[in-house]
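Based on the hints, put chain A in the right spot on chain H.
2 protein chains.
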Amino acid sequence: MKPYAELSKEELQELKTALEAQFEEEKAKGLSLDMSRGKPSADQLDLSMGMMDVLGSDSQLVCSEGVDCRNYGVLDGIAEAKQLLSDMMEVPKENIVIFGNSSLNIMFDTVARSMTHGVMGSTPWARLDAVKFLCPVPGYDRHFTITEYFGIEMIPVPMTTEGPDMDMVEDLVQADPAIKGIWCVPKYSNPQGITYSDETVRRFARLKPAAEDFRIYWDNAYGIHHLYEDKQDTLLEILEECKQAGNPDLVYKFSSTSKISFPGSGIAAVASSDGNLADIRRQMQCQTIGHDKLNQLRHARFFKDIHGMTAHMKKHADILRPKFDAVLETLEKELGGLGIGSWIAPRGGYFISFDSLDGCAKAIVSKAKEAGLIMTGAGATFPYGKDPCDKNIRIAPSYPTAGELKAAAQVFVLSVKLASVEKLLAEKA
Amino acid sequence: MKPYAELSKEELQELKTALEAQFEEEKAKGLSLDMSRGKPSADQLDLSMGMMDVLGSDSQLVCSEGVDCRNYGVLDGIAEAKQLLSDMMEVPKENIVIFGNSSLNIMFDTVARSMTHGVMGSTPWARLDAVKFLCPVPGYDRHFTITEYFGIEMIPVPMTTEGPDMDMVEDLVQADPAIKGIWCVPKYSNPQGITYSDETVRRFARLKPAAEDFRIYWDNAYGIHHLYEDKQDTLLEILEECKQAGNPDLVYKFSSTSKISFPGSGIAAVASSDGNLADIRRQMQCQTIGHDKLNQLRHARFFKDIHGMTAHMKKHADILRPKFDAVLETLEKELGGLGIGSWIAPRGGYFISFDSLDGCAKAIVSKAKEAGLIMTGAGATFPYGKDPCDKNIRIAPSYPTAGELKAAAQVFVLSVKLASVEKLLAEKA
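Taken in order, these protein sequences are the chains called H and A. Per our numbering: the first sequence = residues 241 to 669. Per our numbering: the second sequence = residues 241 to 669.
Everything labelled a hint here was simulated from the structure, so no lab data went into it. The C-beta atom is built at its ideal place from N, Cα and C for all residues, glycine as well. Take the hints with a grain of salt, since some may be wrong.
[Stated by the list, open to error] Just a few of them, taken from the derived set where beta-carbon distance is under 8 Å, the chain H residues facing chain A:
1. P364
2. A366
3. D532
Next up, chain H with everything else stripped away, as it sits in the complex (with noise of 0.2 Å):
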């Protein structure tokens, strides 16, 4: 078929009214079906299922420092899963410190820290006229939802096949003061599945921001969720790159196992500098007396060490990659050539990022509700749920079964082909 911009009036008339046709049968299916958010399968959970008898009664619950896990003590976490989190990190188990089951909480609770505290000693930001973020866009929307919390203003950097628009980002941090950090998801990103180059990280590493409070929030969400074993991204170590560059202080790195063990009942922690982590601990200090050290024993002994990480991610990987092939095969066969959307083909992590014709991607995701597909919200990888272009798309194929994905992305084209048309016309009339 010819690409529709090159069709007539007469022929997009034609087509719009085959595919309205198309549109109600689907709508007669009376389907219910689900791509909103990068949840795991009931399949993928299943994987985990070992991790429900690794500690029994029987068991033995003191951790390898002697502490018995059961009551309170150590702050920072115990050291089997320092050191079993630091690998799939990359980091010195020196730089990290484990939290609770969530780095999202962790994030917050950083920009909460800074807002009263200030960032090493800086003035509070709570008490600054104006404190800004820079958020790489598309991006992950929860992530804007903090800073929008805060009231912090959110300035959006394009993103590119190598990571966010590097030039400015530099000229941006080095201007302005205000400009206190920056949202990267820098692996397999949320939502376009790009891992940031070389170039890219080490230009990060060598940032001159004019806030010395200026942080990078590293938010490697996907550091090894891939989903083939021949084709895999690398991602350069930024706290290694920073501290080589003479900038130590520069990045905080959020990671955690919500995607590799349970949602939800996972471990997460973050690394960084000695000096952040006095900040952190201080925090802690007066937060908690410990977060859940029976988890933390829990993930060590059921994963052993990276490498039982890695065959885990394997058994993942086997799950999700025909899921993701479904959808990027459905999307060649039926939007190939029509010019009406672009979408990059991830090798890892756990969405697909779509881009319609401008203007249509909130008529898509209304269209596709219409006929029972959820999809995330349009405008929702942007800060404020403003898209200005109103076409990029979130696609997350890891929760339906095989059968449910295929429904689901058959009804999401002929959303995109059926507002695109309109479009068309509209633009005709």
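Relative to chain H, chain A alone:
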């Protein structure tokens, strides 16, 4: 023996020599004892070992609302955990929100949120010149640590046998709009084991604070932590009292299972009015995708209901009671009638509070340490660690074994006698 105050200088001198000889004997034993923190003993932790088996790889991990507890979802707690904790906290389940493993963390977050976002629309405290909290003394050191961390000025209010001095509380909160909160452990208080009288609770509920954003921080940490079956304190339910008094938003009520199941691996909750819970949920929505639902399910299935929990608490009491009795008997036998110390025999909780002669607490703790016994630091029960009379010492009898406890109590009373004699001699010098 006569009260020490009635002894002549010569008698005191003679006593001192005898006590010093005893003290050297104790030191020579090379003891290593700890009565410093309210930690459950290994015996107590063993009571909950069944919890390690209640969820296994063959378990159904779906909660009563039909949600797979392994996955994301359910922000404020699964229904069965809400039911259990609402029964434990004596509040409707609509009025509670379940958090992670630590009620201290909820309190910290509550103060942090008030700093950055105010309370139900009030000015964020970080923008005010002065923020003050009332601190009943002696009290819980970790409460004071939170307020100190946020630069909140702490005003001590003396405890009576009925609870805080309510004349003083009423006068202060009515007069000073900078007073935004009061820390309370209303049942089996830390460290005195005092339960607030009905009249005290009613006066709290009827407070007319100058500050609209004044809240009572009601840390009901020991609500069901009785030591005896036949002698139990009861506490009026504060949320209901506040509602009846036309002050529904006046209180946050905190609790957890830390000293019921496993410290650090329990579940914690806050109960409050709809207005306060809206504030809390708004923060939570930005802070986390949800807390550990598997651990919530584990607790609900292990205890089954409040009756199961009450039965479980009797087993804790059976272990704790002889320990409290041993310390109280030693205090009575060794110090009774000497006029060098006073204490209250608590009916529940985790502590015995000891008041020495003025100016002796630091010396007693220091002597005990010299003989191998770690006590809570003198002054810890007061804001900024400063006990103006230097007389209060918190005794935590739960962690040591019965044998250790006997030895520890002996070291303690000997340290009290010696420090008291030294003080009385110095006064006569």
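Tested hints:
Look at P364/H: its Cβ gets to within about 7 Å of chain A, closer than 8 Å, so that hint holds up. Given the 8 Å rule on beta carbons, the hint for A366/H holds: about 4 Å separates it from the nearest Cβ of chain A. Restraint check, D532/H versus chain A: the minimum CB separation of about 5 Å is within 8 Å; hint holds.
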